[in-house]
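Here the protein sequences come in this chain order: X and P. Each residue of the first sequence is one higher than the one before, counting from 1 in my numbering. Each residue of the second sequence is one higher than the one before, counting from 1 in my numbering.
Where hints are given, some of them may not hold.
As the list claims (entries may be wrong) - Here are the computed distance ranges between Cβ atoms for each label pair:
1) P:Asp273 with X:Ser306: 38 to 46 Å
2) P:Arg300 with X:Ile104: 25 to 33 Å
3) P:Ala283 with X:Ile104: 54 to 62 Å
4) X:Pro155 with P:Ala283: 33 to 41 Å
5) P:Arg39 with X:Glu102: 32 to 40 Å
6) P:Trp92 with X:Gly351: 50 to 58 Å
7) X:Gly351 with P:Gly28: 18 to 26 Å
8) X:Ser306 with P:Ala283: 22 to 30 Å
Said to hold, decoys possible - Chain X stretches covered by chain P per the calculated footprint, using a threshold of three residues with CB under 8 Å from any CB of chain P:
9) 92-102
10) 152-164
11) 180-193
12) 260-269
What the hints assert, rightly or not - Selected chain X positions facing chain P (in silico; Cβ < 8 Å):
13) Leu17
14) Tyr169
15) Ala220
16) Gly225
17) Glu233
18) Tyr276
19) Asp277
20) Trp278
21) Phe281
22) Leu320
23) Asp326
24) Pro334
Bear in mind the hints are in silico, worked out from the structure with no lab data behind them. Ideal Cβ placement from N, Cα and C applies to all residues, glycine included.
Residue strings, one per chain:
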Amino acid sequence: MLSGHRVLDLCDESGALAGKLLAELGADVIRIEPPGGDRASRRGPYLHDQPGPERSLAWLALQTSKRGVTLDLEQPQGASLFRRLAAGADVVLETARRGALEAIGLGSDALRAEHPRLVWCSITPFGRTGPRADWLAGDLVVVAMGGNLGVTGDPDRPPVRCSMPTAYYHAAPEAALGVAMALLAREDSGRGQGVDVSLQECQLQTLLSGAGQFARSGRAPGRAGGRLGRTREIWAAADGWVTFGLRGGAARIPNLVATVAYMDECGLAPDWLRDYDWAQFNHNELSDPEIARFEQAFGAFFRTRSMRELYEQALARRILLAPCNDAREIVEHPQLRERKLFVTLEYPELGASIEHPDFFARIEPRPARVRGRAPRIGEHNAEVYAELGIGADALEALAGEGVV
Amino acid sequence: MIFRGLKVLELGAGAAGPVATKYLAEHGARVIRVESSKRPDFLRVLFLGKDSPHGLEGSPMYALLNPNKESVSLNLQTPRGVELVKRLVAEWADVVCENFAPGVMAKFGLEYDSLRGLKPDLVMASGCLFGQTGPQRRYPGFGGQGSAIAGFNHLTGWPDREPHGPYGTITDSLSPRYVALALAAALLHRRRTGEGSHIDLSQIEAGVYSLSELVVRYSANGECPERAGNRHERLAPHGVYPCRGADRWIAIGVESDEQWRALCEAMGCEAWDRFADPDDTDARVAAWTAEHEALALSERLQALGVPAGPVQSFAELLEDPQLAHRGHWVRLPHPVLGDLAFERCGVRLSDAPGVLEKPAPLLGEHNTAVLGDLLGLDAEAIARLEADEVAT
Numbered sequence: 001m002l003s004g005h006r007v008l009d010l011c012d013e014s015g016a017l018a019g020k021l022l023a024e025l026g027a028d029v030i031r032i033e034p035p036g037g038d039r040a041s042r043r044g045p046y047l048h049d050q051p052g053p054e055r056s057l058a059w060l061a062l063q064t065s066k067r068g069v070t071l072d073l074e075q076p077q078g079a080s081l082f083r084r085l086a087a088g089a090d091v092v093l094e095t096a097r098r099g100a101l102e103a104i105g106l107g108s109d110a111l112r113a114e115h116p117r118l119v120w121c122s123i124t125p126f127g128r129t130g131p132r133a134d135w136l137a138g139d140l141v142v143v144a145m146g147g148n149l150g151v152t153g154d155p156d157r158p159p160v161r162c163s164m165p166t167a168y169y170h171a172a173p174e175a176a177l178g179v180a181m182a183l184l185a186r187e188d189s190g191r192g193q194g195v196d197v198s199l200q201e202c203q204l205q206t207l208l209s210g211a212g213q214f215a216r217s218g219r220a221p222g223r224a225g226g227r228l229g230r231t232r233e234i235w236a237a238a239d240g241w242v243t244f245g246l247r248g249g250a251a252r253i254p255n256l257v258a259t260v261a262y263m264d265e266c267g268l269a270p271d272w273l274r275d276y277d278w279a280q281f282n283h284n285e286l287s288d289p290e291i292a293r294f295e296q297a298f299g300a301f302f303r304t305r306s307m308r309e310l311y312e313q314a315l316a317r318r319i320l321l322a323p324c325n326d327a328r329e330i331v332e333h334p335q336l337r338e339r340k341l342f343v344t345l346e347y348p349e350l351g352a353s354i355e356h357p358d359f360f361a362r363i364e365p366r367p368a369r370v371r372g373r374a375p376r377i378g379e380h381n382a383e384v385y386a387e388l389g390i391g392a393d394a395l396e397a398l399a400g401e402g403v404v
Numbered sequence: 001m002i003f004r005g006l007k008v009l010e011l012g013a014g015a016a017g018p019v020a021t022k023y024l025a026e027h028g029a030r031v032i033r034v035e036s037s038k039r040p041d042f043l044r045v046l047f048l049g050k051d052s053p054h055g056l057e058g059s060p061m062y063a064l065l066n067p068n069k070e071s072v073s074l075n076l077q078t079p080r081g082v083e084l085v086k087r088l089v090a091e092w093a094d095v096v097c098e099n100f101a102p103g104v105m106a107k108f109g110l111e112y113d114s115l116r117g118l119k120p121d122l123v124m125a126s127g128c129l130f131g132q133t134g135p136q137r138r139y140p141g142f143g144g145q146g147s148a149i150a151g152f153n154h155l156t157g158w159p160d161r162e163p164h165g166p167y168g169t170i171t172d173s174l175s176p177r178y179v180a181l182a183l184a185a186a187l188l189h190r191r192r193t194g195e196g197s198h199i200d201l202s203q204i205e206a207g208v209y210s211l212s213e214l215v216v217r218y219s220a221n222g223e224c225p226e227r228a229g230n231r232h233e234r235l236a237p238h239g240v241y242p243c244r245g246a247d248r249w250i251a252i253g254v255e256s257d258e259q260w261r262a263l264c265e266a267m268g269c270e271a272w273d274r275f276a277d278p279d280d281t282d283a284r285v286a287a288w289t290a291e292h293e294a295l296a297l298s299e300r301l302q303a304l305g306v307p308a309g310p311v312q313s314f315a316e317l318l319e320d321p322q323l324a325h326r327g328h329w330v331r332l333p334h335p336v337l338g339d340l341a342f343e344r345c346g347v348r349l350s351d352a353p354g355v356l357e358k359p360a361p362l363l364g365e366h367n368t369a370v371l372g373d374l375l376g377l378d379a380e381a382i383a384r385l386e387a388d389e390v391a392t
């Protein structure tokens, strides 16, 4: 759907997913990395644990569908080539610290003045202006300052993060959305604009209005381990963990009734629970002893069953229970496989075939999809620089000077 | 604003659907929610006790996630209610966004293939837990299950303890931004070609797609990454350390030797091999941070070029000077709940920044504007719809 648009992608790992999204929606995304490869993004773990920049699994995962060129922006000749690439581009996507691109003459103000149709998207930890615009932060510090960390974890231990960078996952689609909005506006105005994305601000959305609710009520949640509010959300199964909410509401009470019926068929529903009057159930009004009684009964039952059995029964009985999957369980999930979520990409020079998640939505009539593997180092130098009139000899000379 | 003039009809409930259209509403689209007191959005009652004084209008969560929108009350259990929705699609809407369980829209005759007959260039997004196809599509689910199935719970917490979710239900916060992106891309495509689109989005797949690295690591190396507390595979020290006061913490994530030397200088000690014994490294950093105040220490470390920041409470988020600079919080009076702190999204467009100017709608607040002004019904006809429990 974005075909016909060209994106120059200068992002570090915090923005890699944004360029991937635009590429899989159809844009021509050119990832620009320093000669020899971007060592930070081409990091471990490596394919078959053999180190090498072209074997970086994070790179292979997050740079799909892009083309790749090398260019040393620190050299004047490299900066000049970037300006020529920008003349033919619609979007620049970058994650540089304030002032870094300006110092080499590639600041957004200068480039946008030169090319008024250019959309310039900056993804930074706190946004491009303001008292903390120069603060440094990776995922952990963003999640801390975005409010999610303080309420995640156990009360008797420090706050704890997700071991994968969820701050980047929340910002990438907002950045891509901002780019799409700016391109849409350009259809009428003929002018590009700046898109300023704050990782911290995107991260606040994970609270689903929690801070705004606190502003009114003065009541903030504390770290509650595997609980959501007062009631348990994570439960032990015989072989792992499942999620199940002891919450009510019209949409949820039938699932509590179905859970008790399932327990009863197994001969494991206590009498009081079998006879419980669910019409009166409101989880907001349960006393602590009542909650403990429910949790004892459901918890004892779940511990007798495997994650798989509980999930199969949940599907059959419309119980709101799901397994806490690891990577293997995700990749083997029958629904995801039936939907053909996974696509296999070939890496013949590495002797590997690797499954990737394909695009997360089926879009008709113009599907978005993973369109190709991540680029090798400088893989598309010849074709991209040829568009600037740089032939093979000139390219070799640039390579000799370390520009590409 | 970018979506000024865009007409969006929204059906569904909860967070995942409504947050997606909030991006459009913030940037000028007119978003009309179709709701009914016969089967209210569960966010209108979530967290409320039986004696909550304002009934369906008393939920701060519903209010905070739906600013700038309008509400028409139409009971989809009645043929006339459905007929009015179809008229809104045929005569008014550019976009339909829904997040019902698969099959619900079809039951009403409102699935994409029917609506496209009424509006050939319609852009429609259907976003539910598992998507519109596949053997488990009818599994009734909320974000809690989505977060677990997509793998986020397994990856969050301490290796020696049960998993946690990241706070909130992460597929509910992730998937709406993916829906909004797909809608914006489809609108750009329509602007250039005149062609509409249907977007069948799975909230779980949006989560798994985000975790592409996890899938690739499993497929390539057979590895199942585990939750690791705050430990990082490549960085150290990387943790959350205690500070002076009750439940006060600083997050520090050192990314380079240069930053490590700066941190050691601040600690007043010689740099040591920080990777040799990560537990010892963490213990020594924690002993030092415990003597300091979280924000002051963060400011000091940032001045030295070390990535560090306080673990902010909800109260601190409301006072955060950077968020204030960004205009993140927008105070608007809600007719029932009073002054509320609404939130803008994380993107600022230089020429057309979004604006929040209206609180969330009361249920059916815009019946006259929608049924009267848009569909031409007179007051008597609207009153009859209300009396017949069609507009309710």
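Each hint, compared with the structure:
Checking the proposed 38 to 46 Å range against Asp273 of chain P and Ser306 of chain X shows it holds: the Cβ atoms sit about 44 Å from each other. The hint said 25 to 33 Å for the Cβ distance between Arg300 of chain P and Ile104 of chain X, and at roughly 30 Å that hint holds. Between Ala283 of chain P and Ile104 of chain X, the C-beta spacing of about 42 Å breaks the proposed range 54 to 62 Å. Separated by about 21 Å at the C-beta atoms, Pro155 of chain X and Ala283 of chain P break the suggested range of 33 to 41 Å.
Taken as a hint, the range 32 to 40 Å is violated for the pair Arg39 of chain P and Glu102 of chain X, whose Cβ atoms sit roughly 55 Å apart. Evaluation of the 50 to 58 Å hint for Trp92 of chain P and Gly351 of chain X yields a pass: the beta carbon distance comes to about 57 Å. Taking the beta carbon of each, Gly351 of chain X and Gly28 of chain P are about 52 Å apart, not inside 18 to 26 Å as hinted. Between Ser306 of chain X and Ala283 of chain P the beta carbons are some 38 Å apart, a value that contradicts the proposed interval 22 to 30 Å.
With 0 residues carrying a beta carbon less than 8 Å from a beta carbon of chain P, the segment 92-102 of chain X misses the three-residue requirement, and the given coverage is violated. With 11 residues having a beta carbon nearer than 8 Å to a beta carbon of chain P, the segment 152-164 of chain X meets the requirement of three or more and the stated coverage holds. Only when three residues or more bring their CB closer than 8 Å to a CB of chain P does the claim for the segment 180-193 of chain X stand; here the count is 10, and the claim holds. Judged by the Cβ-Cβ criterion of 8 Å, the segment 260-269 of chain X is not covered by chain P as claimed, because only 0 of its residues qualify and three are needed.
Look at Leu17 of chain X: its Cβ gets to within about 7 Å of chain P, closer than 8 Å, so that hint holds up. Nearest Cβ of chain P to the Cβ of Tyr169 of chain X: about 4 Å, under the 8 Å cut. The hint holds. Hint status for Ala220 of chain X: holds, given a least beta-carbon distance of 5 Å to chain P, under 8 Å. Residue-level restraint check for Gly225 of chain X holds (minimum Cβ-Cβ distance to chain P is 6 Å; threshold 8 Å).
A cut of 8 Å between beta carbons decides the hint on Glu233 of chain X: the least distance to chain P is about 6 Å, and the hint holds. Residue-level restraint check for Tyr276 of chain X is violated (minimum Cβ-Cβ distance to chain P is 17 Å; threshold 8 Å). Of the supplied interface hints, the one on Asp277 of chain X is violated, with its beta-carbon coming no nearer than about 14 Å to a beta-carbon of chain P, more than 8 Å. Contact between Trp278 of chain X and chain P, as hinted, is not supported at the beta carbon level, the nearest pair being about 14 Å apart and thus beyond 8 Å.
About 11 Å separates the beta-carbon of Phe281 of chain X from the nearest beta-carbon of chain P, more than 8 Å, and the hint is not met. For Leu320 of chain X, the interface hint holds, the least distance from its beta-carbon to any beta-carbon of chain P being 6 Å, beneath 8 Å. Because the smallest distance between the Cβ of Asp326 of chain X and any Cβ of chain P comes to about 5 Å, under 8 Å, the interface hint for this residue holds. Taken as an interface hint, Pro334 of chain X checks out: its beta carbon lies about 6 Å from the nearest beta carbon of chain P, inside 8 Å.
Hint compliance for this structure: hints 3, 4, 5, 7, 8, 9, 12, 18, 19, 20 and 21 are broken, all remaining hints hold.
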